[in-house]
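With the sequence shown counted from 1, adding 983 to any position gets you my numbering.
Simulated from the structure, these hints should not be mistaken for lab results. All values derive from a computational prediction rather than experimental measurement. There may be inaccurate statements among the hints.
Taking CB as the label site, the calculated pair distances span [claimed, not checked]:
1. Gln1060 - His1106: 18 to 24 Å
2. Tyr1084 - Glu1034: 30 to 36 Å
3. Ser1081 - Tyr1054: 17 to 23 Å
4. Thr1011 - Asn1062: 15 to 21 Å
Where a beta carbon is used, it is the ideal one built from N, C-alpha and C, also for glycine.
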Amino acid sequence: MASQSSEVEETVFTYEIRDDGIVVYHLTDLRRDSVDQFIEVSHNFDVQAFEEGRHSRCMLDISKLKFPTPYAAKRIQQNTEATPDGLLESYAVVTPTSAIYTFARTILNHLPNAQAQSIRLFHDEASAIEWLQARLEQLGP
984 MASQSSEVEE TVFTYEIRDD GIVVYHLTDL RRDSVDQFIE VSHNFDVQAF
1034 EEGRHSRCML DISKLKFPTP YAAKRIQQNT EATPDGLLES YAVVTPTSAI
1084 YTFARTILNH LPNAQAQSIR LFHDEASAIE WLQARLEQLG P
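Please take these sequences and the hints and turn them into a complete structure.
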């Protein structure tokens, strides 16, 4: 009997759920498998928050990225467009490099105004978390 083995390539996408309920994503490269994994996980969290009727507060740390890729731009825009209508969402994106900031701003500029208003770009994690906490106070859980 033949045996099969497969080697799983480790992606450099991770996430954690903080004690205050904020989901923090860390995306340190834009390989297709990393981007796809991020899209799947973030979409699932959005759907879960929508079904539970709660405020989805997330922070995406892309501070380690150097340059965007067309594939990542396409997938992130698709994911944003697939966000459930009516989801109460606050999404902070940490983008300290100018190339990545421009990339993120370009995606935001192509979103409907209501979606774009729930997403903010920051140069550091502390400011992003502060905004997410303020959104919790403003909009509720």
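Check each numbered hint from earlier against the structure, then list the numbers of those it violates in ascending order.
none
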